[in-house]
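2 protein chains.
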Amino acid sequence: MKLLEDRILKDGIVREGNVLKVDSFVNHQIDVDFIAELAKEFKRLYEGEEITKILTIEASGIGIACIVAQEFHVPVLFAKKNKTINIANDVYTSKVESFTHKRSYDIIVSKDFLKPEDKVLIIDDFLAMGSAMQGLISLIRDAGATIVGAGIIIEKAYQQGGQMIRDMGVRVESLARIKSMDNNTIEFIH
Amino acid sequence: MKLLEDRILKDGIVREGNVLKVDSFVNHQIDVDFIAELAKEFKRLYEGEEITKILTIEASGIGIACIVAQEFHVPVLFAKKNKTINIANDVYTSKVESFTHKRSYDIIVSKDFLKPEDKVLIIDDFLAMGSAMQGLISLIRDAGATIVGAGIIIEKAYQQGGQMIRDMGVRVESLARIKSMDNNTIEFIH
Chain A
1 MKLLEDRILK DGIVREGNVL KVDSFVNHQI DVDFIAELAK EFKRLYEGEE
51 ITKILTIEAS GIGIACIVAQ EFHVPVLFAK KNKTINIAND VYTSKVESFT
101 HKRSYDIIVS KDFLKPEDKV LIIDDFLAMG SAMQGLISLI RDAGATIVGA
151 GIIIEKAYQQ GGQMIRDMGV RVESLARIKS MDNNTIEFIH
Chain B
191 MKLLEDRILK DGIVREGNVL KVDSFVNHQI DVDFIAELAK EFKRLYEGEE
241 ITKILTIEAS GIGIACIVAQ EFHVPVLFAK KNKTINIAND VYTSKVESFT
291 HKRSYDIIVS KDFLKPEDKV LIIDDFLAMG SAMQGLISLI RDAGATIVGA
341 GIIIEKAYQQ GGQMIRDMGV RVESLARIKS MDNNTIEFIH
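Residue numbers (my numbering), protein chains in the order written: chain A, 1 to 190; chain B, 191 to 380.
One chain only, chain A, in its complex shape:
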């Protein structure tokens, strides 16, 4: 999506260790009017699909998911990063590995809000190694719900996550797919 690629080139900052900072409009400060344009594109891409719920993961997915959900008029459910050791019976849980922070954590959603009849669109800001996405898919499958697909703002296409998730049979729509970020030059796949 050209609008997004242009914004990434203008405001994205490449940091050491293959980190792309989009803190000024996606991740810390959220440009809601801009994200609303991305939401329209997700709506267009998933036009005709029945969707009953949008699932994301805290924290940086929540704002984006809420703006996207306003296009689809369905509730957002966000998986919480679990801080307590005892897992309650009334939640689905899954493990996510964070390569950025070099640790793993559990994510949970209440069984009250994810049901077999749900048709779920996953929304997240980044797709890189795909661990968070795998965790969300696992929660949906545990609930017996249907995965309609995933909507990603930025996919680091040089990492394995996108291919891995697509190989699982899940539709993935990424609005920007980064081929490489070498020498501070961001190149996209079209």
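In case anyone wonders, no lab produced these hints; they're calculated from the structure.
There may be inaccurate statements among the hints.
Claimed, not checked - Restricting the straight-line Cα-Cα distance to at most 20 Å, the calculated cross-link-like pairs of lysine to aspartate or glutamate (EDC-like) are:
id, chain 1, residue 1, chain 2, residue 2
1, B, Lys-211, A, Asp-112
2, B, Lys-270, A, Asp-6
3, A, Lys-115, B, Asp-296
4, A, Lys-43, B, Asp-296
5, A, Lys-43, B, Asp-221
6, A, Lys-40, B, Asp-223
7, A, Lys-81, B, Asp-223
8, B, Lys-211, A, Asp-31
9, A, Lys-119, B, Asp-223
10, A, Lys-40, B, Glu-261
11, A, Lys-80, B, Glu-261
12, B, Lys-270, A, Asp-31
13, A, Lys-81, B, Asp-296
14, B, Lys-230, A, Asp-90
15, A, Lys-111, B, Asp-221
16, A, Lys-111, B, Glu-261
17, B, Lys-211, A, Glu-71
18, A, Lys-10, A, Glu-187
19, B, Lys-305, A, Asp-31
20, B, Lys-200, B, Glu-237
21, B, Lys-271, A, Glu-58
22, A, Lys-43, B, Glu-248
23, B, Lys-301, A, Asp-23
24, B, Lys-270, A, Asp-23
25, B, Lys-200, A, Asp-112
26, A, Lys-111, B, Asp-201
It should be emphasised that the depicted structure is a prediction, and the values quoted were computed from it without experimental measurement.
With chain A's structure known, arrange chain B on it following the hints.
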């Protein structure tokens, strides 16, 4: 706001220790179309005020703030709960005490996104003891920015936070103000 009070009476669950669970529409699952109605009320209440930015705190404030921000057409900035010990020079930081989780933590915002010329509306889901709100106010004052006011979905008016923040000279608009939750009966102040 009657729409909100009715929804709290219908879907809110009172738990031991004065906890009000609104997980089905505010805090874990987010009813975005419903929150959009609350956003219109915040817009009405702050009509005529110049607002350049909405500030909230992760995680449960983010979705609400993004929906409210779409009424005002300004960016959302969310304070992050700091996990690292070393505080960078490029952030404002403040301490928040969590009475629910019985611990304190630091919150941070990047200096890049909070400037002296900003006129800030604070949005959050709950106001109880007021510690998170105090932390956010402290960040805004450190930046030399102007606090326009706060928009709260649910104020536990029997706790001290609301009075304390108003006594600091900050305008607080709460869409539902709970007087008591004794014996599982929720009573509101009008």
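Hint by hint, here is what the structure shows:
With a C-alpha separation of about 13 Å, the suggested pair B:Lys-211 and A:Asp-112 falls inside the 20 Å cut-off, and the hint holds. Distance hint between B:Lys-270 and A:Asp-6 is unfulfilled; the C-alpha atoms sit about 27 Å from each other, more than 20 Å. At most 20 Å may separate the alpha-carbon atoms for a hinted pair to count; A:Lys-115 and B:Asp-296 exceed this at roughly 36 Å. For a cut-off of 20 Å, the pair hint linking A:Lys-43 to B:Asp-296 is broken: about 37 Å separates their Cα positions.
Our distance criterion of 20 Å between C-alpha atoms is met by A:Lys-43 and B:Asp-221, whose separation comes to about 18 Å. Of the pairs offered as hints, the one joining A:Lys-40 and B:Asp-223 holds, with about 16 Å between alpha carbons and a cut-off of 20 Å not exceeded. About 25 Å separates the Cα atoms of A:Lys-81 and B:Asp-223, which puts this hinted pair outside 20 Å; it is violated. Restraint check: the Cα-Cα separation between B:Lys-211 and A:Asp-31 comes to about 30 Å, which exceeds 20 Å; the hinted pair is violated.
Only pairs whose Cα atoms come within 20 Å are accepted, and A:Lys-119 paired with B:Asp-223 is accepted, the gap being roughly 18 Å. With a CA separation close to 17 Å, the supplied pair A:Lys-40 and B:Glu-261 stays within the 20 Å bound. Among the hinted pairs, A:Lys-80 with B:Glu-261 is inconsistent with the structure: their alpha-carbon atoms are about 27 Å apart, more than 20 Å. Proposed proximity of B:Lys-270 and A:Asp-31 is supported: the alpha carbons are some 17 Å apart, at most 20 Å.
Annotation: proposed proximity of A:Lys-81 to B:Asp-296 holds, straight-line Cα distance about 18 Å (limit 20 Å). As the CA atoms of B:Lys-230 and A:Asp-90 are separated by approximately 34 Å, the hinted pair breaks the 20 Å bound. Distance restraint check for A:Lys-111 and B:Asp-221: the Cα-Cα separation of roughly 17 Å lies within the 20 Å cut-off, and the hinted pair is therefore satisfied. Proximity of A:Lys-111 to B:Glu-261 is assessed by CA-CA distance (about 32 Å); at most 20 Å being required, the pair is judged violated.
With a C-alpha separation of about 27 Å, the suggested pair B:Lys-211 and A:Glu-71 falls outside the 20 Å cut-off, and the hint is violated. A distance of roughly 13 Å separates the Cα atoms of A:Lys-10 and A:Glu-187; the hinted pair therefore holds under the 20 Å criterion. Proximity of B:Lys-305 to A:Asp-31 is assessed by CA-CA distance (about 16 Å); at most 20 Å being required, the pair is judged to hold. For the suggested pair B:Lys-200 and B:Glu-237, the alpha carbons sit about 30 Å apart, so the restraint of at most 20 Å is broken.
Proposed proximity of B:Lys-271 and A:Glu-58 is supported: the alpha carbons are some 12 Å apart, at most 20 Å. Proximity of A:Lys-43 to B:Glu-248 is assessed by CA-CA distance (about 26 Å); at most 20 Å being required, the pair is judged violated. With a C-alpha separation of about 12 Å, the suggested pair B:Lys-301 and A:Asp-23 falls inside the 20 Å cut-off, and the hint holds. Using a Cα cut-off of 20 Å, the hinted pair B:Lys-270 and A:Asp-23 holds, with the two alpha carbons roughly 12 Å apart.
Simply put, B:Lys-200 and A:Asp-112 have alpha-carbon atoms about 16 Å apart, close enough for the 20 Å limit, and the pair holds. Note on A:Lys-111 and B:Asp-201: the hinted pairing holds, with a Cα-Cα distance of about 16 Å set against a maximum of 20 Å.
Hints 2, 3, 4, 7, 8, 11, 14, 16, 17, 20 and 22, counting from the list given before, are not met by this structure.
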